[in-house]
Structures are given as structure tokens and as C-alpha cells.
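Just so you know, the protein sequences line up as chains A and B, in that order.
Using the numbering used here, you'd call the opening residue of the first sequence number 1 and step up by one each time.
Using the numbering used here, you'd call the opening residue of the second sequence number 1 and step up by one each time.
None of these hints come from the bench; they were simulated from the model.
Keep in mind that a hint or two might mislead.
To be verified - Computed list of lysine-lysine pairs in DSSO-like fashion (alpha-carbon distance at most 27 Å, straight line):
no. : chain 1 : residue 1 : chain 2 : residue 2
1   : B       : K173      : B       : K215
2   : B       : K187      : A       : K143
3   : A       : K16       : B       : K106
4   : B       : K215      : A       : K143
5   : B       : K143      : A       : K106
6   : B       : K16       : A       : K143
7   : A       : K187      : B       : K57
8   : B       : K173      : A       : K143
9   : A       : K143      : B       : K223
10  : A       : K173      : B       : K143
11  : B       : K175      : A       : K143
12  : A       : K151      : B       : K187
13  : B       : K143      : A       : K215
14  : B       : K143      : A       : K16
15  : A       : K173      : A       : K223
16  : B       : K143      : A       : K223
17  : A       : K18       : B       : K106
18  : B       : K175      : B       : K143
19  : A       : K175      : B       : K143
20  : B       : K151      : A       : K143
21  : B       : K173      : B       : K187
22  : A       : K175      : A       : K215
23  : B       : K151      : A       : K187
24  : A       : K106      : B       : K18
25  : A       : K173      : A       : K187
26  : B       : K143      : A       : K151
27  : B       : K143      : A       : K187
Remember, predicted model here, so these are calculated numbers, not experimental data.
Next come the chains, spelled out residue by residue.
2 protein chains.
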Amino acid sequence: MSPLGGGSLLLAWQLKGKHVLIVGGGDVASGRIESVLAADAHVTLITPSNGLHPLTKCFLDGPYNITYHDRLFGGVQDLANVDLVLTAIDDVVQSRVICSLCRELKIPVNVADIPESCDFYFGSQIRDGPLQIMISTNGNSPKLANIIRRKIEQNLPEHAGDAIIRVGELRTKLKERAPGVGGEIGKRRMRWMIDVCTSWEMEELALLDDQMIRKLLDDGWEKNAVPSPAEVGARSCQTYSATPNVAVPGVPVTMLSFVAGAACASLFLLARRR
Amino acid sequence: MSPLGGGSLLLAWQLKGKHVLIVGGGDVASGRIESVLAADAHVTLITPSNGLHPLTKCFLDGPYNITYHDRLFGGVQDLANVDLVLTAIDDVVQSRVICSLCRELKIPVNVADIPESCDFYFGSQIRDGPLQIMISTNGNSPKLANIIRRKIEQNLPEHAGDAIIRVGELRTKLKERAPGVGGEIGKRRMRWMIDVCTSWEMEELALLDDQMIRKLLDDGWEKNAVPSPAEVGARSCQTYSATPNVAVPGVPVTMLSFVAGAACASLFLLARRR
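The task is simple: from the sequences and hints, build the whole structure.
Right, dumping it as C-alpha cells:
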């Protein structure tokens, strides 16, 4: 294990247009269905209808992209064209069989309750539109993950999801106006977007509409400035508190910490040398 | 897209004993190396040494599980026995070639800056021992992900990482005392663990030592009760205040960067001393 080790690689897996097989229809399976539908997957559900959780039934009855087979897992043919497999059944032997087949076919698999049969784990999650947050305790305590999730939820900036949507739109429009991948233009775009995001409060960013975005690009981007929300016509004023921004723009905190660490160690070693 | 859709599937990918190939050695690549080392992967790094970022150099010089090849990506033979591929190079054509090879071989791949060549994305991350948190804006705004990460970091319960380690130990000892997978005993264990986690504050859980754990199991689990921290011999009482938490928690990424910076400078200075 490396000095950094002991953790997982946290990822945002992309499932748009991908096929996910879920085996099982109980409580855990219903949560899995919700998670993969959130990522726009095509879901195939294999489980006898006599064990369906109410929420699973609800997903089957709803306007969702689910193909349902009312039966037990039937073997390797059920894995044809499948990109990801999640099982949540009580039959440990069958679970291990499915896992082995997936490993042979190089299909990522998660077997509920059998950690060694999992290529990946799930965590406690928060969703606010395009904002997704996962809390993992690396299997140590699902309950504490849950408690931490609730604390984070309570302290999340209001309108964070809306702000992210609007900033995403601003970014898209900026790329249309000043196109090009990488290089100087890419760097200038990134710097300006960072300036906007650090000068405006989250609630202010959430107010951005098409007209304000146009004005922000005309009066801001074109003139290499960041107008205030009021200057681009934000309607509500009570939210614009002018708290000073203590972050150093453009320099990631990790870099500052790296430099600080290097400086500390150098001073220590140089002092000892004398 | 389903009514829930538009998101990703957030996962904690398991890399212990797995082989990860990283192509590129710059700023982004150094972050990737840190992320996969945190998950105990065997890393193979392929990149010419003339473009190495200081942090990448630091990882190569440090006590890490990295095999380094000072050259460009050489083709499909570089993908033998590889479980995951991350590329962070400026050559878009080469990036796409690597992506195609990975897709043919069914190796999950992330190509920095080319979303359509990614099976998964990274997010802004927090680490405190076994606690890992990822913030994803689904590609809409890396800067807002960063701002939200910092807010979460500031509001995280103090000693969350320690509490998770201790509760993990309590859980392991409980399973030794009352073994069995699933069924009634599994449910009783889960209920009792939830009771402990909700009755004790995070800072109190962080105080649990071997003796307290034994007493908690003797006087708590065996009698189907949850003793208070004082009842199982928690020494310090002043930490049990419910004061709001202003401190930055245990080991965030900034701390890791600080340590990396210190390590690099030390290695550099010690090397020059000889």
C-alpha cells in the first residue's frame, strides 16, 4: 500500500446509451435501478415478479427505460451486449456465478453484500440537478456515511444545482463566441470563467438568464472584465452581499499547499544543516 | 432520458492489486497518479521525461508502486494486463487512438479533455482517511465543483475520518462476536450499529479505543443497550460539546499536497547534501 493508500478511486461513470443488467428486485435492487436511471442507462431487470419491492414495481410501471424479464438469471446469454452488471439477490452461490461470468467477459460488476465480488462500491449520495455528491467510508460504516451525507446536505449552498446549470450554459455560449480547443484561448476562457465563479455568489449565478448571459459576455468577456450581477441586469438585489474573495484566482489550493510544504521542509532541513 | 436522468453513476472503483496505465506526466497526469495511488493500484507511467511535472517527478522518486517508461505510448502491447487507462497528453490524435484500443479490449478509459472518449469522469475530491467525498457537476463547471468542495470541507464534522476508522473496528469486532451473514443476526447487528452511531457524536466515536470497544460490546451489545461514552470509560469530556465546527478536517487533498511538497523538497535537499 502506498503512503497515500487505503482508499478507492471515486468516479462518475457514464451510462448514456449503455446497457445495465440488474439481477434482483428487492429493496437494494430498487436503489440500484434509481442510480442507473439517473445516469440515463438502458436497464434490463431480471427477477421473479413475486419478490418485487414496491419501489421496483413503481419503476417498472413508470416512464422509464427498463426491459423486464419475470424469471431467474438464465446464464451467460443474459450478459450479451451488457456493459455493467449489478446483482442484489440472496442466493450467494448464484451471485458468485454471475460475478465469475462477468469477470470472464470483462464486464464491470457489483454484487451486493459480497465485497470481493465487486469491481466497485456504491456510496451515500446527494443529487441536486447536475450536482452529484458521493460520500464513501470505504465500507467502514454505511451509517456514518449517511450521517455525513445529511450534514453536507444541510450545509450545501442554496440553489447550487441551478447555479451549475446556468454556469454550464454560460460556458457553452462562451465557447460558441470564442471557439478553439486548448491553447491561449482555452486558458483565457478558463481564467474568465473562474473569475466569474469566484466574484459572484452561488445564488447570484443561479439568477443568470439568457439576457444576462449575453450582457455578461458583451460587457465582461469582450472587455476582459467581470461585471457585477446588478450591472448585467439581475433583478433581485438583496442577495448580492459583497463578501471579499480570499481565494487566489487561478492558483489551485493544492498547488499552494505543495509550495507551503516544500518551503516548510526546506527551512527545516536547511536549519538543521547549520 | 428518464425523468430522473441527466447524471452519472457515482462509484468507488476498487484498484487494489489492479494495473493502471497512465499516459502523460504533466499537471493533470500528476493528479491522476495521486488518485490511483490512493486506491492502492499498481501504476505504469508512460511519458517522455522531458515533460514531467514536479509532482510527477516526486511520485516517481517516492516510495510508490510505479513502473516508469521514459518514452511515448507504443501501441497495443502497452495495454497488456492493464485494468484501467488514464491519458493526459496534448496529442488529440494519439489520445483517440488509445481510446479506440481500450474500447476494443474493453478496458475502461478516461481521456483528459475529450469527454466523448471517457467511460468515466473525475470530480472534485475530499479525503479524510477512510472517508472520501466526490463532488461532480457532470462537466458543467469544474470551478463550482471546487467551490462546493471547499464549503463541504469547512463544514465536515471534526474527526470524521477517525470516527469512521473506530466504527469500522467496532463493526469488525462485533462480527467476530456475533458472526453470520444476513438473516436475524445480521439485522440485529445493523440495528445496534445504527443505534451507536446515532446516539454518540462523531467526536465521541473518534475516541473509541480497544478497551472502550470491548466494554461497549460487553455492556451494550450483550445487553441490547447503548451505553454513553462516559459509561464505557471515555477519558476526555471537554470534546463532547456541540459547538459548531470551524476547523478543516483531517487530511484533505491540500494536506496531501503539503506532504508531497515537503517530501519533494526534502528529497531534493537531501540528494544535494550528498
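Handout entry: 27 Å Cα cutoff - pair K173 of chain B, K143 of chain A
Key = Distance ~17 Å between K173 of chain B and K143 of chain A Cα, so the pair holds.
Exercise for the section: Take a quick look at whether K173 of chain B and K187 of chain B sit within 27 Å of each other, Cα to Cα. Expected result: This hinted pair holds, its Cα atoms lying about 16 Å apart.
Exercise for the section: Take a quick look at whether K143 of chain A and K223 of chain B sit within 27 Å of each other, Cα to Cα. Expected result: holds (21 Å)
Exercise for the section: Sort out whether K106 of chain B lies within 27 Å of K16 of chain A, counting only the CA atoms. Expected result: holds (17 Å)
Practice task
With a cut-off of 27 Å on the C-alpha distance, tell me whether K106 of chain A and K18 of chain B pass.
Solution key: This hinted pair holds, its Cα atoms lying about 13 Å apart.
Problem - 27 Å Cα cutoff - pair K173 of chain A, K143 of chain B - result: holds (17 Å)
Handout entry: Pairwise hint evaluation, K16 of chain A against K143 of chain B, where the allowed Cα distance is 27 Å at most
Key = Status holds; Cα separation ~24 Å.
Exercise for the section: For the pair we were handed, K173 of chain A and K223 of chain A, check the Cα-Cα distance against 27 Å. Expected result: holds (16 Å)
Handout entry: Given pair status - K151 of chain A, K143 of chain B, alpha carbons within 27 Å
Key = Holds, at roughly 22 Å.
Handout entry: Hinted pair K187 of chain A and K57 of chain B, Cα distance within 27 Å
Key = holds (24 Å)
Practice task
Could you grab the alpha-carbon distance between K187 of chain B and K143 of chain A and see if it respects the 27 Å cut-off?
Solution key: holds (14 Å)
Problem - K215 of chain B paired with K143 of chain A [C-alpha distance capped at 27 Å] - result: holds (21 Å)
Of the numbered hints listed earlier, those contradicted by the structure are 5, 18.
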